[in-house]
Structure formats: C-alpha cells, structure tokens
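Asks: Could you put together the complete structure from these sequences and hints?
Protein chains in written order, with the UniProt record's numbering: chain A, 1 to 357; chain B, 1 to 287.
Misleading hints may appear alongside valid ones.
The list that follows gives simulated cross-link-like pairs (lysine-lysine, DSS-like), each with its CA atoms no further than 25 Å apart [to be verified]: (1) A:K119 to A:K137; (2) A:K119 to B:K205; (3) A:K139 to B:K205; (4) A:K137 to B:K205.
Here are some chain A residues pointing at chain B (derived, C-beta under 10 Å) [to be verified]: (5) I74; (6) T75; (7) I79; (8) M84; (9) F88; (10) Y91; (11) P95; (12) L107; (13) Q108; (14) M109; (15) A150; (16) A154; (17) P159; (18) L309; (19) V310.
What the hints contain is simulated information worked out from the structure, not anything from laboratory work.
All C-beta atoms in this analysis are idealised placements derived from N, C-alpha and C, irrespective of residue type, glycine included.
Chain by chain, the residues:
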Amino acid sequence: MPTTSAPDEHLRLEGIGVSFGAVNVIPSLDLSVRKGEMVAFLGPSGCGKTTTLRIIAGLNKPSRGSIMVGGRDITHLPIHDRDMGMVFQSYALFPHMDVSHNVQFGLQMRNVPAREAEKRAAQALEMVQLGHLAHRKPKELSGGQQQRVALARALVIEPSILLLDEPLSNLDAKLRDEMRVQIRALQQESGITAVFVTHDQVEALSMCDRVVVMRGGRVEQFGTPTEVYERPATAFVANFVGRTNRLKGTVTAQGTLTGAGQQLRSATRLPAGAVDILVRPHRIRLQETGEADNKVEGTVSTITFIGDLVQYGVSVGGEEIVVEEATRRGRSPLAAGDSVTLGWSAEDTLIYPAGEK
Amino acid sequence: MSAAPALPRAWRDGQLAVLLLLPIALINAIGFILPVLNLARYSFNRSRIGGGIEQVFTWENWAGLLSDPFYLELVLNSVWISLAITLTTLVVSYPIALYLHRASGSWRTFLTVLVISPLLTSAVVRTYGWIAILTDDGPVVSAIKALGLPAPSLMFNIKGVFIGLTEILMPYMILALMAGFGRLDPRVEEAARTLGATPARTFRKVILPLTLPGIALGCLLCFVLAVSSFITPKLMGGGRVFLLATEIYDQAIVTLNWPLASTLSILVLIVFGAALWAYSAVLRRLD
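Replies: So this is what it looks like as structure tokens:
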C-alpha cells in the first residue's frame, strides 16, 4: 500500500522486494526519505540494510517494486546514470590513481574539462582537510584519510543522494567519533539527501535525522532517534537500540499490569495476556526515597564498575534487574547484599506481547 | 644442551638461511648454470663435418650467425610469431580468467580444473589432436567447405602452428592472469560504476590497469614458452615453418652441428633476457 508522499520527498522505495529462489530476503519494503535529510538503516547483519542500499545504487536488482528519486522512476536505470555518490566500508579507492585522480574520476566520467575537474577535486579535498595529500597514492594513506578521500570522491560529483555503507566500521573508536561529526557536518552543509547503513546504534542515533530499524528484511520502526529510543515500536527495537531489562509480566482482564511480583504501572495499554516488560537500566533509580510510579524492593547481587557507569545487578523476586548509575566522586558505593528500593516512571515501563523477540 | 654456544641471534639466522638455500643453489648450479656455461663454451668451438667438434676459441659461429640473413630472419620470425601468439592467447584467455576470478565456490573450482585439465595431456598428444581437427579433410575444413566457402589450408603451415600453440598456451596464460588479478577488488569496480562510468569505461580505466600485472606475467610466460616450443611447430608446421627452436633441434640432432646449435641456444637465452627486462620494466612502471 503506497503511503501518501510528503511534499519534500526525495527518495521513495515502493514495495521493494528481493527473493533468492523461494527465499524472501526482503518481502516488501516501503520507505520515503525527505530532501536533505540523513536516514540511517540500522539493524543486525543479514537484516537487508546493505542490500537495500545497493538496490538504491543499482548495484543489486530488486525482484519487485520500484525506486523513485525526485518523482522519477529509476528502477531500471543503469548504475552509471543514477547520479549517486557511494562510500564503501572498504573505501574502494582506485589503487592505481593518486588521491586527486581518485576524486576527479566521477568528474571525468561526466566529461568535465580537465582543468575544472582538477580545481573541483582540490576544493573537495580541502573540504576533508586532505589538500596536502593530493598526489599520494591511496596505500600511503591511513584508513581514516582513505575514507575521507572516498567521501570527497562521492561528494565532488554533487550527487542527488549520498549512500554510505558502514563507512566507519573499519576505523578505530577515536577516529570513528571524529568522522561521525565530520560526515554529519558535510552532509548538513551541502544539504544532500543521505542514506547511512550501520549496525551501530550510536552512529544511527547521533548522526541521522531519522532511523529505519530493520530486521529480517522488514522495517521494525521508522522514526526520529528520540522516537526510536523512547518509544520503541517493538521489543526488538527496544533491545537493539540501547540496553534494556526484560521482565515477565501479565495484563489482567481488568487491565492491571503485574510484574516482578507486584502491580506495575505503564503508560502503554495492552490487551489481557502475558507480556514482556522492558525498562532501560539507566532509567531506574537505585535508592528511591520519594514518590514513583513503580517501586520495587530488591537486593544488590553484583556490582560492575565500568568507568563512567556502575552497573548493579539487583535481584527482585526470582528475576535480576540491571540498574546503571553514573559514577560520582565522594559517594560511598553500595555493596553486594544491600537492600535497595528501585523506582521508575510509568513512561519508562515499555510493555510488549510476550515472546516477541 | 646447556653447553650450546651463545651465538648472536642474527648470525645464527644468517647461517640457517645459507643452510636452507644451499640445496637449491647446488641443484641450480649443477643443473642450470654449469650447462649454460658449457653451452656458451660450445658456441666458440668449431664444427667438423659428421658431427665432430674441434676444441678451439673462435667467433666463427657468432660471425656466421650475424652475417647470414637466414638467421636474422629466423630470429625476427620467431620473436614476431611468438609475440603474435602471445597476444592472441591473451585476448582469448583474458575473459575466461576474469570470469574465473569473479566466480566463487564449487563452480569456480570446477571451471579451474577444466582450464588446467589440458595440461594433464602431453603437448604431443594435443598437437596430434589438432592435426586431426585441422587437416585438409578434417571437420573444420569440411565445415567451411560445406558452407560454400573456399577451403583454407590450416595444416602444415604457420596457421596450424598458430592455432595449436595458442590453445596449448591458454592454460598457462589463464593461470598467470588469475595470479596477477589480486588487486582487482569488485568494490572498486562498483565504485567506478556509481561514479558514472559505463561498463566499457570501467573496463578501460579501472579493470584493465588493475589487471596489468597479471597481463605482464602471462605474456612473459607465454612468450618464453612460445619461443622455446618445438614439438608443436615441428609437427604442425610440416617442416615448412622455421623457428629458432626447430632450427636448434635440426642443427643438434639432424646436422649434428653442436656449436651452431649452442650459439642459437645462447641467442634464445638473450631473447629471454630481453623479455624479462621488458617485464620488470613494466612492473616498475606499474608500482
């Protein structure tokens, strides 16, 4: 069923499906991306996120459905006519060309005069602070530098859509943080529509305007980072995006929620039956003294010091609830065996039909 | 054990390296260097009628070789034909190698075995096979005649040698190409395509340059094999195709003029040296 298109829609996938023989890798995918926004495809490996990106680029053929860019159907357009800038996880720079010629390649293919191509490549390299390395070969560059060259190469052609396939996965943690900021800044400066494939929720949440959480070739949720984090549409999304506790519970015929051996309150309503109750560890207060929607007594069983966080395992009835607290100087930590009163709000009590993974 | 001498580590490693290299160095010296030196010495001997050899030091063979237009033509002919055969082999092998490089799993294994399998049969047998196929009343000529076209003569001339050698060299070329295709990353081809390169331009600007090391290696190997091949030219040329290798055979076995055969052999070695130099020059430029 086609959704109504937003007025500023730029990219649109309609009923995109991929089958290998009898296996439906992607059953049917509908998606609408606005002009100038950066959308993340987030999901575990094998969820179809990279396949979908490659379908947009034309590198894979969908078994059915259509792709529209700016209202134009490009489903059957060959790769080289699609005008997409793609950044690969493995950088995929041309090893036989120097950095400048790598960046010029797309311009040469568009028959831009040599002098202008050189000038624009130089500008693009300045943009990623690599102007001084224009005449190096890719193998003489570090991973982060190579990925910046790849970014310049994709952006210099001023593509209609920028496609990023796990561009940060091969970089070390510190570099990844820098690149995240830089990619986002470049994308916002140029106002280009971008699709970003990642399995890292931090990348998806911090860089993108909206996030598509995918699983098994289906969209689990499509929303802003806040929506996806605060109001996960499914238990899978809650589990995949951020950490969470899962408790067994029931909703009675009267609509009362019970879990952890007592009555609990949730902002969500579900029909009677078995439910899973999900609460994020850092939304639970460890020593609740005032009023709280949900108050539960427990005993500290494990303490794990992580640095910026302390993780407490608290046994409540037969179940274990993980609570995270920011570490603070001069505060006497709890010890195993201490009794605690856990407290959290109804809004933070997410409930889903039981058994949903 | 405790009395083991405390040798410097680097020195011990050096000793070990020498020890490990010694066997192959010996085999090479006895099996290759010495015979080549011997061959070089022979080229300065004088040949007597009836196969006798006079132990002297004379430039006669070399002077004769360089002054006789027959030999000059022989060398040029051999080099030229070998180059042409190498190029033809490259053109017909390249698509196969590229396909094999991209294939995966058991399909790739199967096709690779298929490519190598001709090597399990000796070149003599395969040459006779080609003679049967290309001979005047063979299937190829008959088919051409059946189409109403003038019957070509494919056997016992340079055409037969060309066809036969090309097929015989193909497995070597394909293996060498595949060995040199390591730099060809499918992602890089995809990057070129997304940047607006048509398949043809992707081939010219990306695939071809990245496969040049393989092309250079395959061409070197096949050129050397083509120049030194003599069974196929001998059998398929029907005594009408004169190449360096067949001439060496004739001089050594038929005419029993070993000094001249030696001189020609050293000449072949010089041609190989030139090929090797060209190859390393190409590789240097690629790096």
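Asks: Return the numbers of the hints above that this structure violates; sort them in rising order.
Replies: The structure conflicts with hints 5, 6, 18 and 19, although it agrees with all the remaining ones.
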